Amino acid sequence: MSPMREGSLWWGGSSFVELLRHVRMSSGEPGILSGMGGGNSPVPSGGNSLEGIPVWHGTTVLALRTASGVIMAADRQASEGYQVADRAIHKIFPVDRGSAVAIAGAAGPAIEMARLFRVEIEHYEKLEGVSLSLLGKSNKLGQMVREHLPLAMQGLVVVPLYAGFDDRSGEGRIFKYDAVGGRYEEEEYHANGSGGLFARNVLKMSYRPGLAEEEGVQIALRALYEAADEDLGTGGPDFVRGIYPTVYSLTRSGVEGIPTDRVSRILREISDSLRRREKT
Amino acid sequence: MTMPFYVSPEQFLQDKAEYAKKGISRGRSIAVLEVVEGILLVADNPSHALHKISEIYDRVAFAGVGKYSEFENLRKSGIRYADLKGFLYSREDVTGRSLANAYSELLGNSFSQEMKPMEVEIILADLGSGERSNEIYRISFDGSIFDESLVSVVGGRSEQLKAFLRERVRPGVTMSEGLGLVRAGFLAQNENGHSVENMEAALLERAGNGRCFRRLSSAEIAGFLSEGEGGGLAHGTSDLRS
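Chain order of the listed sequences is X and B.
1 is the number of the first residue of the first sequence in our numbering; add one for each residue after it.
1001 is the number of the first residue of the second sequence in our numbering; add one for each residue after it.
A portion of the hints provided could be inaccurate.
Simulated restraints on C-beta separations [claimed, not checked]:
id, chain 1, residue 1, chain 2, residue 2, range
1, B, Gln1160, X, Ala212, 54 to 64 angstroms
2, B, Gln1160, X, Pro259, 44 to 54 angstroms
3, X, Asp167, B, Arg1166, 54 to 64 angstroms
4, B, Ser1218, X, Met205, 43 to 53 angstroms
Since the hints were derived computationally from the structure, they do not count as laboratory data.
Remember, it's a predicted structure, so these values are computed and weren't measured experimentally.
Glycine included, C-beta positions come from ideal geometry on N, C-alpha and C.
Build out the structure end to end from the sequences listed, making use of the hints.
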């Protein structure tokens, strides 16, 4: 951490990632941005050097477009191999007033990336006096995923899902990524992570354009429910401990978490409807 | 052979200080007030694009007068300092005090080491939370730092405006009352009148969560001003005209 006078803070750009790189390089600290970017990775390169090192993985996250914006949802489990590492982690991070990022993959670097991304966006907004466009933010995230590539090649893959309300076009937009930083805009819905395939199947069956928010939340929770049913890594609703998936609604008025009682009520309805079906 | 002129360090510093003061007094004023809703920052600023007041961090705001390029640089390095600290440690660890110290150090070094001192004066406002009270720091061109409360004023004929506000601002003043008082102060400062359009204002909002800085638009300012006039403010403005 350099104090102001060391000159690094007079550096002229508006990017926090670049600033952090600059400061760390000038202080001779090895490893940039938790290993992102170039040869200074803290993990020795070459070979599968992470073999045997336990890594936590976040699992299923999803987003779908509704009439008023986007619904984002994620389960709460982190897995370490076949074991539960954490039952109640959060995988969706509000980035600014109108957007949020959901992250699947190696939990440590993923959460770090989300944190860095948030500061990056805020930093730009404060320095420039205007916020980046939604497309600009999504490209920035793509670059961060690409810079993470050296670690991804050693198994620490991070795959974000980014969504927000675009003030300029007046609608919700979803961006999905691959592990090498490719950014693809999604028109309807997407789900990531180990349970992503199962969630996508549910979304595919139930999704239609112009969904109301309420319906969107129901479909998102049903998709997570089914993903947890099929996938070992995805956590289902935990009625005993009271742990339920996180759901966010992204609209013109901002990023808003759906209250737990509403989520739990919908999940109870889903499980009740399934129970009745089994009886008949 | 020519000998370099000898200038005593005392004289040298005095000249520099005078130079800086002259530059600062040419600018227009900024007033920072503690109000019920949080901390109110108001600047006399004819430009809508170039701001004098801005957000540094969640609960910290910056106001600068003097040379635009210089206080703009200070503002940016403050944001960099705060964001770095908040990222490397935690968001709670970014405090107004450490920022004020860093600014003081930067300005102090610049004053004693550079040929040309910086022609700026800044205010750093840190909104308190829970038990912690508000902190307002005024930092001068030579790095001297003043811990102020209730009212802080920089730039232009700041003494006059400060005296005007000190007389009228009481603890428990609301934001719209505060806006009205500062506007009355600006009117008293300018013989040619003062337009509401030339007011730049922002609030560090106590009710806010996370990022508390809120910039007020011209329309909002006008709205709050008319709201304030309905209350006990009429007294203040009539005082002024007499």
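Verification of the hints:
Remark: the range hint 54 to 64 angstroms for Gln1160 (chain B) to Ala212 (chain X) is upheld by a beta-carbon distance near 59 angstroms. At roughly 53 angstroms, the beta carbons of Gln1160 (chain B) and Pro259 (chain X) sit within the given window of 44 to 54 angstroms. Checked against the hint of 54 to 64 angstroms, the pair Asp167 (chain X) and Arg1166 (chain B) fails, with Cβ atoms roughly 42 angstroms apart. Judged by the Cβ atoms, the range 43 to 53 angstroms given for Ser1218 (chain B) and Met205 (chain X) holds: they are separated by roughly 51 angstroms.
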